[in-house]
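**Q** Here's the letter readout for the chains.
There are 2 protein chains.
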Amino acid sequence: MSEKRVSISVIRRLPRYYRFLGMLEEKGVSRISSGELSAKMGLTASQIRQDLNCFGGFGQQGYGYNVTDLKKAVGEILGLDMPKETILIGAGNLGRAILSHMAFREKGFAITAIFDKDPALAGEEIGGVVTEHIDALEDFCKIHKPTIAILCVPKMESEDLVKRLVDLGIKGFWNFSHYDIGVFYPGVAVENVHLGDSLMTLCYKIKELDEAK
Amino acid sequence: MSEKRVSISVIRRLPRYYRFLGMLEEKGVSRISSGELSAKMGLTASQIRQDLNCFGGFGQQGYGYNVTDLKKAVGEILGLDMPKETILIGAGNLGRAILSHMAFREKGFAITAIFDKDPALAGEEIGGVVTEHIDALEDFCKIHKPTIAILCVPKMESEDLVKRLVDLGIKGFWNFSHYDIGVFYPGVAVENVHLGDSLMTLCYKIKELDEAK
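The listed protein sequences correspond, in order, to chains A and B. All you need for this note's numbering is the position in the first sequence, starting with 1, plus 517. All you need for this note's numbering is the position in the second sequence, starting with 1, plus 517.
Bound conformation, chain A alone (with noise of 0.2 Å):
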């Protein structure tokens, strides 16, 4: 079956996979059954068989799944293999916390610059990684070729940037700002992560358990 046809609604349930995958391979799990792994994952043991067979299916019937292969092939269907060099645009408290929180290097990003429009953070290392004045971006990405931008700038801002950054050929961005990067360019990749969307939206959810009541 070809990966094209599988539903944004699988790939997103994938992450959960290889972390739980790898939260039972730390644990020195060997083998795991699609039932056990559904009682930890709160989906049904169908449901998982099904995700995992759109990928061609790794199981084997009446043994369960090997935790280590398992795990091994999730990550190459997401991709963590290949190396991605990533810029940081944006060096607030944000961006600063996002770069020192995640572990970009294991899934393959490996962070080449960071690059803020105030002056006075330009020579100041964050994370082992110097910031430059966002006036430096043509240069750096001229030489360097970056293919992933981090965008932690309002959303004021980002209009221009993006421009930018897509002439400069940024083909994927991890967007923190509120500037909806995909309805203006279609042709690249956009992971969003709308913080104050996220919020409102509990909001919601809370409004509606209290009405339930």
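Be aware that one or more of the hints could be misleading.
Just some of the chain A residues that point at chain B, by a computed CB distance under 10 Å [to be verified]:
#	residue
1	Cys571
2	Ala590
3	Ile594
4	Gly609
5	Gly612
6	Ile615
7	Lys624
8	Asp684
9	Leu685
10	Lys688
11	Trp691
12	Asp697
13	Glu708
Here are the simulated lysine-lysine pairs, DSBU-like style, with alpha carbons at most 30 Å apart [to be verified]:
#	chain 1	residue 1	chain 2	residue 2
14	B	Lys680	A	Lys659
15	A	Lys672	B	Lys588
16	B	Lys557	B	Lys730
17	A	Lys680	B	Lys634
18	B	Lys588	A	Lys662
19	B	Lys634	B	Lys589
20	A	Lys557	B	Lys588
21	A	Lys544	A	Lys557
Read the hints as simulated data drawn from the structure, not as lab findings. Don't be surprised by glycine CBs; every beta carbon is placed ideally from N, CA and C.
Since chain A is already given, all that's left is putting chain B on it; use the hints.
**A** Chain B in isolation, oriented as in the chain A frame:
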């Protein structure tokens, strides 16, 4: 129509409507047609009409929507006008960045306490709120009865903490940990921000883009 039957995909679009309407309001736009709104948001006009009809509909045929009224109505549907006493657990890089980055107050969230297990942080003021040691959690909650917790701690610590928090009456979690709260506590409202999962999903989208070449 009961709001209960509104699908989560409609709900997830409401914060975007709210943001767009806020921008239009700031620009002084008082009225907008579903066609204009759709062009700006990358949705079809019929999708927008359908979404808003789930809640009773706000437009007059041929006259478009009153921006301020519609924004207010969407905000009320989301419950942004409801006061929500909120505590933050985990005053590390991510917790601090979120506190300083987010406009909690305008969404009805009042941050009333910050807790961390590091005794060295006790007494430190972050965003006008004093950090307390996690041991003070029980006493604080019994007196102040907060209903929402923002969880910015590692997964390993989350399991125990979530149990304590649910026992103390917390009804909603903005969950930055990798602990799948919803699987174990189906009765509470949970909105997950799994940054690692989002980054892995970006990996997949980039890989898919490469393969489409």
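**Q** Does each hint hold? Answer for all of them.
**A** Results of checking the hints against the structure:
1. Cys571: 12 Å, violated
2. Ala590: 13 Å, violated
3. Ile594: 7 Å, holds
4. Gly609: 8 Å, holds
5. Gly612: With a closest approach of 8 Å, the Gly612 of chain A hint holds.
6. Ile615: 7 Å, holds
7. Lys624: Holds, about 6 Å.
8. Asp684: 17 Å, violated
9. Leu685: At about 16 Å, which exceeds the 10 Å cut-off, the nearest Cβ of chain B leaves the hint on Leu685 of chain A violated.
10. Lys688: 6 Å, holds
11. Trp691: 5 Å, holds
12. Asp697: 6 Å, holds
13. Glu708: With Cβ-Cβ at 4 Å, under 10 Å, it holds.
14. B:Lys680 - A:Lys659: 52 Å, violated
15. A:Lys672 - B:Lys588: 19 Å, holds
16. B:Lys557 - B:Lys730: Answer holds: Lys557 of chain B to Lys730 of chain B is near 29 Å, not above 30 Å.
17. A:Lys680 - B:Lys634: Violated: Lys680 of chain A and Lys634 of chain B sit about 43 Å apart, past 30 Å.
18. B:Lys588 - A:Lys662: 42 Å, violated
19. B:Lys634 - B:Lys589: Given that 30 Å is the threshold and the Cα spacing comes to 40 Å, the pair is violated.
20. A:Lys557 - B:Lys588: With a Cα-Cα distance of about 41 Å, the restraint between Lys557 of chain A and Lys588 of chain B is violated, given a limit of 30 Å.
21. A:Lys544 - A:Lys557: With Cα atoms ~14 Å apart, Lys544 of chain A and Lys557 of chain A stay inside 30 Å; holds.
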